[in-house]
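My numbering puts the first residue of the sequence shown at 94, with every later residue one more than the last.
There is no bait here: all hints are sound.
Derived Cβ-Cβ restraints for the label pairs, each shown as a range: (1) R107 <-> D197: 21 to 27 Å; (2) L368 <-> W278: 29 to 35 Å; (3) A370 <-> S222: 27 to 33 Å; (4) L297 <-> L168: 24 to 30 Å.
Note that these hints are calculated values from the structure, not bench results. C-beta: ideal position from N, C-alpha, C; glycine also.
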Amino acid sequence: MSLIGILLALLLERVLGQLPGWGRPVVFLAAMRALHALSPARLWRSVLLPPLVVAPPVILTWWAFGRIEGPIVSLLLSATVLLLCLGPRDLAEDVHELLRARADGDEARAAQLARALQHGPNPGETHRSLVGALFVQSHEKLFGVLLWFFAFGPAGAVLYRLVSRLPRFLDETAPGSPALQLADWLHAVSAWLPARITALVFGLAGSLDDALAAWRQLWREPEHGWRTQTWAVLAEVPSAALGAEEQGGAVVPASLEAMLGEVLRMQWRALLIMLAAFALTATGQLL
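Work the whole structure out from these sequences, hints included.
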């Protein structure tokens, strides 16, 4: 059922993605702004805030789905929850918008879009490049949510959506607070294993030898803490996998436009590989 729910949600995302404004985090932002307005300043900056934000929706989702008896109803509702947890916005939309701005010569708009794409968890020198940031965004918008959904159902998807979005909102409303520090830690913990699975899948979708070489190089760099290394792996391993193996050695796309297009194609190939792995796992469970 998890695999069918994933396929249904991805299909709906493609169809609904044609609608203007689809994929914007309206519900999340509205709920967080309301909570921010109603919460005392001390609570908003406290370590109590992240559990209070994350735990109730996750527990409610887990409880509600445990009481649904009809498999068809459960499947449709699961796909709906997953659909709402994907994104915000599809990575391809953001990349195509950036390419349109560059083609139109709108340098200010292109720079704004590039900064937005590079705004992610724990920004550091290891993944400040636009291409590396795109792979981080791909995990945050798509692969991380799919992995949590496949492992733990709708409650898992809700959990990852909340812990991945909360640090950015707290960074704007409570910078440097204990609440932000705990939210960053929760995000890093929940992303540690899925991020490495995503990096491996991207390696399989590109040049695996180059991906593994970049991974080994990261292990030799002692300055990376466990949290920083998670995002570095997500950025650098798939970026290395962009090199296509030919007789003369590895080659990479010559221009930024070609590079961004190859990132999107790699994401599509990686998604197919992950879905195939899900299908094999689900078949094994059925057997």
